[in-house]
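A.B. asks: Sequence:
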Amino acid sequence: MRYAAGLHLFLVALAAAALAGSKTAAAGSEARSVEFNRDIRPILADNCYACHGPDKNQRKADLRLDSEESALADRGAYKIITPGKPEQSELYRRISSVDPKVHMPQPRFGKNLTAKQVETIRQWIAQGAKWQKHWSLIPPKRHDLPLDQEGLKPSVEAERRTLLRRLSFDLIGLPPTPEEMDAFLADRSPDAYAKQVDRLLGSKHFGERMAMYWLDLVRFADTAGYHSDNHRDVYLYRDYVIGAFNDNKPFDRFTIEQLAGDLLPGGTRQQKIASGYNRMLMTTEEGGAQAKEYMAKYSADRVRNVSTVWLATTLGCTECHDHKFDPFLTKEFYSLAAFFADVKEIPVGRQEQTPLPNPDQAARMQRLDAQMAPLQQILDKETPELDASQTKWEATVHLIEMRGKPKNLVDILLLEPGKRSPAQKQALAAYYRGIAPELESVRKQLAGLQRQKDQLTRAVPTSLVSIAVNPRVMRVLPRGNWLDDSGAIVAPGVPASLGPLPVTDRRATRLELAQWMMGRDNPLVARVFVNRLWKLLFGQAIVKTLDDFGAQGAWPTHPELLDWLAVEFRDSGWNVKHMIRLMVLSATYRQSSAVNELLRQRDPYNGLLARQGRFRLDAEMVRDSALAVSGLLAGEVGGPSVKPYQPAGYWAMLNFPVREWQKDQGENLYRRGLYTYWCRTFPHPSLVAFDAPSREECAVERPRSNTPLQALVLLNDPTYVEAARAFAERIIRKGGDTPEQRIQFAYRQALCRSAQPEELRVLASVLGKHLEQYTADQKAAAALLHVGNHPAAKDLTLPELAAWTSVARVILNLHEIMNQTTRIRQQV
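Going by the numbering used here, 483 is the number at position 483 of the sequence shown; the sequence numbering is gapless.
Honestly, the hints are just simulated from the structure, not real lab data. Certain hints may be false.
For lysine-lysine, the following DSSO-like pairs were computed, each having C-alpha atoms within a straight-line distance of at most 30 Å [claimed, not checked]:
{"id": "1", "residue 1": "Lys-779", "residue 2": "Lys-734"}
{"id": "2", "residue 1": "Lys-331", "residue 2": "Lys-381"}
{"id": "3", "residue 1": "Lys-79", "residue 2": "Lys-111"}
All of these numbers come straight from a predicted model, not from anything done at the bench.
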C-alpha cells in the first residue's frame with residue numbers, strides 16, 4: 001500500500017505544479033526554463049525536420065536541426081545557433097524575419113511559426129541552447145516518490161458501488177454481481193478494497209479482459225485477410241494469450257516466446273503456439289498475385305507491427321526513405337525485417353497449419369502407436385510359412401487385370417521368380433500380406449487401431465506457428481520497390497539509436513532480437529507497456545500517442561511518473577499483475593469521476609489526472625455485460641471462435657469461395673465477445689458499431705464514438721433482444737410481486753444499485769403501455785418473444801413477458817449500462 005499511496009501523492013504533486021505553472025506563466029516568461037525535448041523539439045519536428053532532419057535524401061543546405069553537432073557547427077560566416085546569443089543565431093534570424101525571401105520555413109510550405117513559438121526558441125537560445133537526446137531514447141530512471149508532501153491530500157474517493165463496478169470492468173471486463181457488491185459493501189475492514197483487487201486479478205476472466213487489448217495490437221483474426229479472406233485456425237494463440245495473463249507470465253518471457261518460441265531449446269507446445277505471433281499478419285491466396293511482392297508486404301507488415309507493439313515507433317515510415325523526424329534509417333527497416341526472414345511461409349496460397357496435440361491427445365497417440373508397432377512388425381516379417389503360402393498363391397492365381405489392383409502387379413507376376421528385382425519381390429510380398437488369410441486377424445486389429453488414430457488426428461487442433469528455415473536473402477528495397485534488386489543485402493540488426501545488439505560471431509536470430517528488446521538498457525519497451533496499462537485503467541495515457549514515442553509523438557503529461565512506472569515494471573521482474581495492482585490501489589485510480597467547474601475550465605481533458613476518467617465500455621464488454629445481466633453468459637474460458645447472431649446477407653460480398661454465416665447453437669451463442677469469429681474484411685457488425693477494429697493492422701487504441709446506430713444495435717440485435725427476454729424472465733420469477741419490486745430487482749441485477757423515484761415512474765409507465773399494447777396484439781408479443789434460440793417460458797403469459805422484455809430492453813440500453821462507472825450521484 002505504501003507504493004500505491006506514494007503513487008497518488010506523486011501525481012498530486014505533479015498536477016499541483018502544473019496548475020501552479022498555468023497561473024504564473026504570464027508573470028515573467030523569461031524566468032521560465034525552456035527544455036529542448038518538451039518545448040523546442042516539437043516545434044522543430046513539425047516545421048523544420050522535413051527539410052533539415054534525418055532523411056538525407058530530402059535534406060536541404062546540408063543542415064540537420066535534429067543533430068546538436070550540425071546545428072551548432074561553425075558554418076564560416078555564421079552559425080545556425082549561437083548559444084546565449086539569439087540575435088547572432090541564423091535560426092532565430094530566419095524564423096523572426098518578415099522578409100519572405102529570408103523567412104523560414106518558406107511561405108510556400110504553409111508552416112509559419114506562431115509568435116509564441118518564435119519567442120520560445122529565442123528564450124531557449126538565450127538560456128544557452130542546451131540540447132537533449134530525445135526523452136524516449138534515454139533509459140528510464142526511478143524518481144523519488146514524494147510520500148510526505150505537506151498539504152497535499154487525495155481527491156474525494158468514488159462511492160463504493162462505483163468503485164467496484166469500475167474495478168470489475170477494468171480487470172475482468174464484466175460487471176460485478178449483486179452478491180459480490182453486497183460482500184464488498186458489508187466488508188468494513190481497511191483492506192476490503194485490496195481484497196477485491198486480489199480477487200479480480202486471480203479470476204480466470206482477467207486473462208480474457210487483457211487478451212482483448214493484446215489481440216488488437218497483434219492483429220489477431222480468424223481469417224487471412226486480403227482478397228479471399230479465408231478461414232484459418234489460430235484460436236490456440238488466443239488461448240495462449242489468455243493463459244499467459246492469467247498465469248502472470250513475466251512480460252519479458254511473454255515477449256520472447258512470441259517472437260522466438262520456436263527457437264527456445266526444448267520448446268514446449270505452448271511456446272510453439274506463442275510463436276504464432278509471427279504468423280498473425282494478413283496473407284494472400286489470390287492465384288494471380290506476385291510471390292515476390294507479397295513477401296515484401298509480409299516483411300514490411302512484421303516490422304510495422306513489432307516496432308509499434310513493443311517500441312511505439314513509426315519505423316514503418318522508413319520502408320521507402322529515411323525517417324523525416326526520428327533517427328531511423330531505411331537500412332535499419334530492412335535489417336529489422338531480416339530477423340524474420342527465417343520464418344517458413346507460403347508467399348501466395350493457403351498457409352500450412354501445424355498439428356498441436358494437447359498432452360492427453362499426445363499420450364493417446366503414443367499408446368496407439370505402441371499398440372500398432374508390433375502388429376505392423378508381424379505383417380512385415382518374412383517367415384518360411386508365408387513364403388510358402390505366397391508361392392502356392394502365385395501358382396494358382398489367374399492373371400486378370402482389374403481396376404483397383406496395383407498397376408504393375410500383373411507385370412510382376414508374369415516374370416519368372418528368379419528374374420524379379422528386389423523391389424519387385426518386396427512389392428509382391430507386401431501385396432500378398434494384405435490378403436494372406438493367416439494374417440487376417442492381425443490386419444483387422446491394425447485397421448481398427450488405425451481408425452482410432454485417424455479419428456484422433458482429425459480431433460487434434462492446428463494452428464499457424466513459426467518454423468525456422470534457412471533465412472532468405474534480405475535486401476534494401478529502394479523506395480520500397482519490390483521489383484528493384486539493386487539494394488544492398490542486409491543482415492539482421494536493430495536501429496543504432498536504440499542501442500546495439502549483443503556482439504555475436506554468427507547471424508543474429510529472432511531470439512536475440514527479443515532478448516535485446518527486453519534488456520535493461522532498452523529505453524522503450526517498459527515505458528510503452530506501462531503507458532498502455534495506464535490508458536486501460538485511466539482512460540487516457542501518459543503519452544497520448546500510444547503508437548509514437550518519437551519526435552512527432554506527444555510529450556508525456558507526467559514524464560517522472562512514466563519513468564518511475566517503467567523502472568518499477570522492469571525491476572519487479574516484468575510483473576504485469578503487480579503493476580496493475582499498484583495502479584488500481586492508488587488513490588488516483590479510486591478518485592471520483594465527478595467534474596467541477598474549476599476542473600472543467602483548467603483541465604477539461606483531465607490531463608492532470610485531478611479526477612478519474614469515465615468512458616464507454618469496449619464493444620465486447622457491452623455485449624458481455626448484457627449477457628451477464630440476463631443470466632445467459634457462458635463462462636467457459638478458451639476454445640475455438642464462435643458465431644453468434646449476424647444479419648443475413650452480411651457476408652454476401654465474400655467470394656473465393658462464396659460463404660454464408662452459419663450461426664452456432666447452444667452455449668456457443670452466449671460466449672464472451674472475445675471469442676466471436678473475427679473476419680477481417682467483414683468484422684461482426686455489432687462489434688463494429690461499438691468501434692471494434694478490423695485487425696488488418698495493429699490497433700493501439702479504439703475510438704469511442706457515440707452514434708444512434710449503437711442504440712439501434714442494443715434495441716434490435718437478436719443477442720440483446722434475447723438477453724432482454726431472459727432478463728425479463730428473471731425479473732418476473734425472482735423480482736417480487738409488484739412492478740416497483742421487480743424494477744428495483746432489475747436495477748440491482750443490472751447496476752447493483754436501487755432505482756431512483758423518477759426511474760421507477762418512467763419504467764412503470766413503459767410497463768403499463770407495453771402491457772396494454774401486447775394484450776391487444778398478442779401476435780406482436782409472440783414475435784418479440786421468439787427472437788433468438790433460447791426458448792421462451794411456457795408458463796408465463798405472452799403479454800406479461802413481452803411487456804417486461806420491453807422494460808428490460810430499456811434498462812439494457814441505459815447509458816449507465818454501457819459505461820464502466822455508475823451514475824455519479826446515486827442512492828447508497
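A.B. asks: Each hint: holds or not?
C.D. replies: Verification of the hints:
1. Lys-779 to Lys-734: holds (26 Å)
2. Lys-331 to Lys-381: Roughly 61 Å separates the two Cα atoms, so the pair is violated.
3. Lys-79 to Lys-111: Status holds; Cα separation ~23 Å.
Comparing the model with each earlier hint shows a violation of hint 2 alone; every other hint is respected.
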